[in-house]
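Going line by line, the protein sequences match chains H and W.
Note that the first sequence covers residues 735 to 876 in my numbering.
Note that the second sequence covers residues 735 to 876 in my numbering.
A portion of the hints provided could be inaccurate.
Repeated chains share a single entry, so a pair holds when one copy, or any two copies, can fit it.
[Claimed, not checked] The list that follows gives simulated cross-link-like pairs (lysine-lysine, DSSO-like), each with its CA atoms no further than 27 Å apart:
no.: 1; residue 1: LYS760; residue 2: LYS847
no.: 2; residue 1: LYS774; residue 2: LYS760
no.: 3; residue 1: LYS827; residue 2: LYS847
no.: 4; residue 1: LYS768; residue 2: LYS834
no.: 5; residue 1: LYS771; residue 2: LYS783
no.: 6; residue 1: LYS827; residue 2: LYS783
no.: 7; residue 1: LYS751; residue 2: LYS834
no.: 8; residue 1: LYS847; residue 2: LYS771
no.: 9; residue 1: LYS836; residue 2: LYS847
no.: 10; residue 1: LYS847; residue 2: LYS834
no.: 11; residue 1: LYS771; residue 2: LYS834
no.: 12; residue 1: LYS847; residue 2: LYS783
no.: 13; residue 1: LYS751; residue 2: LYS768
Since the hints were derived computationally from the structure, they do not count as laboratory data.
Protein chains: 2
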Amino acid sequence: MAVGVHILADLYGVDSKILSHIRPMKALLDDTIKHAKLTKLSSDYYQFKPFGVSGVVFLAESHISIHTWPEYGLLTLDIYTCGAPESADEAFKYIVHRLKPKAIDYRRIERGKNAPYQEADIALPVQAQKPLGINTATGFSP
Amino acid sequence: MAVGVHILADLYGVDSKILSHIRPMKALLDDTIKHAKLTKLSSDYYQFKPFGVSGVVFLAESHISIHTWPEYGLLTLDIYTCGAPESADEAFKYIVHRLKPKAIDYRRIERGKNAPYQEADIALPVQAQKPLGINTATGFSP
Numbered sequence: 735m736a737v738g739v740h741i742l743a744d745l746y747g748v749d750s751k752i753l754s755h756i757r758p759m760k761a762l763l764d765d766t767i768k769h770a771k772l773t774k775l776s777s778d779y780y781q782f783k784p785f786g787v788s789g790v791v792f793l794a795e796s797h798i799s800i801h802t803w804p805e806y807g808l809l810t811l812d813i814y815t816c817g818a819p820e821s822a823d824e825a826f827k828y829i830v831h832r833l834k835p836k837a838i839d840y841r842r843i844e845r846g847k848n849a850p851y852q853e854a855d856i857a858l859p860v861q862a863q864k865p866l867g868i869n870t871a872t873g874f875s876p
Numbered sequence: 735m736a737v738g739v740h741i742l743a744d745l746y747g748v749d750s751k752i753l754s755h756i757r758p759m760k761a762l763l764d765d766t767i768k769h770a771k772l773t774k775l776s777s778d779y780y781q782f783k784p785f786g787v788s789g790v791v792f793l794a795e796s797h798i799s800i801h802t803w804p805e806y807g808l809l810t811l812d813i814y815t816c817g818a819p820e821s822a823d824e825a826f827k828y829i830v831h832r833l834k835p836k837a838i839d840y841r842r843i844e845r846g847k848n849a850p851y852q853e854a855d856i857a858l859p860v861q862a863q864k865p866l867g868i869n870t871a872t873g874f875s876p
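Kindly produce the complete structure, drawing on both the sequences and the hints.
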């Protein structure tokens, strides 16, 4: 089983005016949460100077976070839900629909997929590894 | 280039007493931020009943987020920094040192690695895909 679905997406070629300040980004996330029927607990945004926004929305179902680089037309987006997986997909599609990026670097990852943990299921210990974008279930020796 | 490094780790076999309530988790993250010389802007935590914690720390360098499932001994951890990549690694190692998980599902991903976006670098459009844990630079048609 997995406890949640995590969509990581880097959206390129987005209108930098939308990405520059809190107001349009907050409006986008509020609309997204409503559209995807997610449950907002709280949210927090930070305005970088002269432009750029970080934002996190706490959900009963986990979180959505954004970081923008208007100078690159870039939004990095994380949608992590431990409710219905379709909610994450709906939220993602809605944001893409609104922002119309020219390209997307997209991943969809299951979180906590070895829960409940059973020692026999995972070989231990192994050396520390730094896999890049590869799903690994490893022991880690810092 | 990339704008940041994102470590995603699911830690299994963690003492459920640590994972159950805000206080020890907040202490852990505050210590981690100090140890890794990161810059905290704000933080927010949510206590689930009867146990379980969600938390996000905003950093000048991006964010750290946690979600716990004490009933599984599970912590899902995200450390996303757009500062020195070593900071993310330091923070991760410190958390592992403190929590001593029995197993870790670990990924380390570069975010915004196609920034600044150049249309010629990425083929468009392609069909929507749902790759699982595979690094893709794709156009997406919702």
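Checked hints:
In this homomeric assembly, LYS760 and LYS847 come within 27 Å of each other (Cα to Cα) only across copies, at 25 Å, whereas the closest approach inside a single copy is 31 Å. Within a single copy, LYS774 and LYS760 get their C-alpha atoms as close as 12 Å, and across copies as close as 21 Å, so both meet the 27 Å cut-off. Within a single copy, LYS827 and LYS847 get their C-alpha atoms as close as 24 Å, and across copies as close as 21 Å, so both meet the 27 Å cut-off. In the homo-oligomer, the alpha carbons of LYS768 and LYS834 lie at most 27 Å apart inside one protomer (19 Å), although the nearest pairing across protomers, at 39 Å, exceeds that limit.
For the identical chains of this complex, LYS771 and LYS783 are inter-copy neighbours only, at 22 Å across copies versus 33 Å inside a copy, given an alpha-carbon limit of 27 Å. Taking the shortest alpha-carbon separations for LYS827 and LYS783, neither the intra-copy value of 29 Å nor the inter-copy value of 31 Å comes in at or below 27 Å. For the homomeric pair LYS751 and LYS834, the shortest alpha-carbon distance inside one copy (13 Å) is at most 27 Å, but the shortest distance between copies (45 Å) is not. With identical chains, the CA atoms of LYS847 and LYS771 are at most 27 Å apart within one copy only, with a shortest distance of 24 Å there and 31 Å across copies.
In the homo-oligomer, the alpha carbons of LYS836 and LYS847 lie at most 27 Å apart only across protomers (15 Å), although the nearest pairing inside one protomer, at 32 Å, exceeds that limit. When the C-alpha separation of LYS847 and LYS834 is checked against a cutoff of 27 Å, the pair qualifies only between copies, where the shortest distance is 19 Å, while the shortest distance within a copy is 32 Å. Proximity of LYS771 and LYS834 under a CA criterion of 27 Å is satisfied intra-copy only: 21 Å inside one chain copy versus 37 Å between copies. For the identical chains of this complex, LYS847 and LYS783 are inter-copy neighbours only, at 22 Å across copies versus 39 Å inside a copy, given an alpha-carbon limit of 27 Å.
With identical chains, the CA atoms of LYS751 and LYS768 are at most 27 Å apart within one copy only, with a shortest distance of 23 Å there and 35 Å across copies.
In summary, the structure is inconsistent with hint 6 from the numbered list given earlier, while agreeing with all the others.
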